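Just so you know, the protein sequences line up as chains A and B, in that order. Numbering (the numbering used here) for the first sequence: 1 to 364. Numbering (the numbering used here) for the second sequence: 1 to 304.
In short, the hints are calculated from the structure, not lab data. In this text, all values refer to a predicted model and were calculated from it rather than measured experimentally. Check the hints yourself; a few may be wrong.
[To be verified] Below 20 angstroms or equal to it, Euclidean Cα-Cα: the simulated SDA-like pairs (lysine to any residue) are:
hint, chain 1, residue 1, chain 2, residue 2
1, A, LYS242, B, ARG285
2, A, LYS9, A, TYR345
3, A, LYS9, B, LEU82
4, A, LYS323, B, GLU213
5, A, LYS323, A, SER30
6, A, LYS9, A, GLU229
7, A, LYS9, B, PHE300
8, B, LYS298, A, ALA233
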Amino acid sequence: MRIELVKRKEHSELMSLMSPLIAVGLTALSAAIIFAISGVNPALGLYKFFIEPLTEQWSLEATIEKATPLILIGCGLAVCYLSNNWNIGAEGQFVVGAMFGSILPVMFPSFENSLTLPLMLISGVIGGALWAMIPALLKTRFNTNEILTSLMLVYVAGLLLDYLVRGPWRDPDGFNFPESRIFSDAATLPDVFGGMMSLATPITIIIALVLALVLAKTIKGFEIRVMGESPRAGSFAGFSAKRLTIFSFALAGGLAGLAGTMVVSGSLNQLLPSISPGYGFTAIIVAFLGRLNPIGIIIAGFVLALSYIGGEGVQSGLGVSNKIASVIQGLLLFYVLACDTLILYRIRMVSRRAANPAGEVSHV
Amino acid sequence: MFEAVLLTVITAATPLLIAAIGELVVERSGVLNLGVEGMMIMGAVIGFAIANQTGSGTLGVIGAIAAGMAMSALFGFLVLVLVANQVATGLALTILGLGLSGMIGEAYIGVPGLRIPELYIPILSDIPFIGPVFFQQDAIVYIGFALIIGVAYFLFRTRAGLILRSVGDNHGSAHALGYSVLKIRFMAVLFGGACAGLAGAYMSLAYTPQWVENMTAGRGWIALALVVFASWLPFRVIIGAYLFGAVSVLNLHAQAIGLGVPSQFLSSLPYLATIGVLVLISANRRLTLVNTPACLGKPFVPDR
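Assemble the whole structure, with the sequences as input and the hints as a guide.
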């Protein structure tokens, strides 16, 4: 027996929709097996992990809170990946964005008026975009591999934040704890919809919808997709790969920076040595699970946010390590990538000696 | 003092060297496996767990190698059989490895570890200065050097090595000549996994004999950069690994001296150095074009 791939004549529309669903199904099945190995009733484990967070007000709110940065970062990354720019340093862009966004409330705490928040959000965007410019410019100028440089900058960003909150930005009245001063009310993102979510969530959804429109209906969206699929064809159309690299990195970095500022301003209310449970990396999974499509990413963001809350749930309720959340996230990405094969190929199991039917081009 | 510094450089360089030489073979076959960090951390946790359970460092190292190979087999299945995107699959491998190792390792946090013993090479280890530095190391340090020499010989002096390089440089022609591109690539991927697993075992059984979550701290990624630094030539991996080993221990020694620089800046040096080196190497178009495997990262789907 061996597995043989048969190339489809065209992309399977059905499979484009089905593959993320199959991947989620397979992930749930694997999660059940992991629960069984850990000595927990698999049905109970799955319920606690995937369903229970949706049944209570507080956990639903927590899921929305975690989904928001994932969606925002995932949208930016989707533009990068669609155009073949492998930015995997969103975690660093998120952190630097949060630092830039915090300049005003930390260094000028007396600047309290209606301009405070907009200025913070803009600085966050600028910070994230600037950090993302480093790998982008190194790629366009020196042809340096952006995967490695963007990732290395994640570590540098984390150390920079650590330095700031332990050093110059430490709260003067904070009893030497490594944290910045608490933001004033003017620097805090307000809650909306009766406290269900912070303003960050509607902002994020609007940005995702606008981006969906841009990708589907505008020439810029066309440029992004063409340059990803066939840079040569794109260059004949007059599109510049270098300009697009700069554009997609700036967009992804800007959105990650915005997400960072909104998390700090809306949820944490101060800078801490660690401000992200790996949002920038989880957003990579969100982008792929959402098929690099902003609408899909909104849904995928909620699915992965669930895994954070579900992980806490099984830890406190069933005594299973909350690390199971990152295992499930990793498995999910594997299954998504494996299932995407179904879009371009049909899979057939053949025995060694079976002949290929005439007229079909088959591939292993 | 100098002797002590050199010793720490060797221990810091060894995991980088081993992981990088494995990835070098993988990339020479035309596959880009970005999951080195994930395979390495799995090697570290499995090696620690097995050594802890059995009391045998050797069994721990073997287990770590097996863990790295198992992870790489998963990667190989996805990118070679299912032609999944290599960059994304490598990332998935790293995310999965970090999560899985965290879950497995939870029981071992704070548990005292076991250090694999040093081997004293008779006579040579008695030479002053050179002896203690080069001939009183643990077995994995020697294995690292043996791997470099072995891989260099294999790639450039044997027929099998030539075939592997041809698969990486032009998979279409290699396939037309009757070589099984996917089988050769799968073997290379498994070798890379074994090396990453061994490098991980060195982290948790020799470098710092304990389990700490996320203890590889980006070394898998630095190993990937080292392959570029070495421009896919085995002996240059040694230079790169020792350079990076030196940069990464700078922090410890600078703190010991009492330099007034915040520790975070010194800790970020290896990452900044990686970026700097990548820029220098990639700016040199001739060097990179000559040695980069032409089919690196490109999927291969044979037609028949």
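Hint by hint, here is what the structure shows:
With a C-alpha separation of about 17 angstroms, the suggested pair LYS242(A) and ARG285(B) falls inside the 20 angstroms cut-off, and the hint holds. At roughly 9 angstroms between alpha-carbon atoms, LYS9(A) and TYR345(A) fall within 20 angstroms of each other, so this suggested pair holds. Between LYS9(A) and LEU82(B) the CA atoms are separated by roughly 17 angstroms; this keeps the pair inside 20 angstroms, and the hint holds. Taken as a hint, the LYS323(A) and GLU213(B) pair is honoured in the structure, with Cα atoms around 11 angstroms apart against an allowance of 20 angstroms.
Between the alpha carbons of LYS323(A) and SER30(A) the distance comes to roughly 15 angstroms, so the proposed pair stays at or under 20 angstroms and holds. This hinted pair checks out: LYS9(A) and GLU229(A) have alpha carbons roughly 17 angstroms apart, not beyond 20 angstroms. For a cut-off of 20 angstroms, the pair hint linking LYS9(A) to PHE300(B) stands: about 18 angstroms separates their Cα positions. The suggested pairing of LYS298(B) with ALA233(A) holds, with an alpha-carbon distance near 19 angstroms, which does not exceed 20 angstroms.
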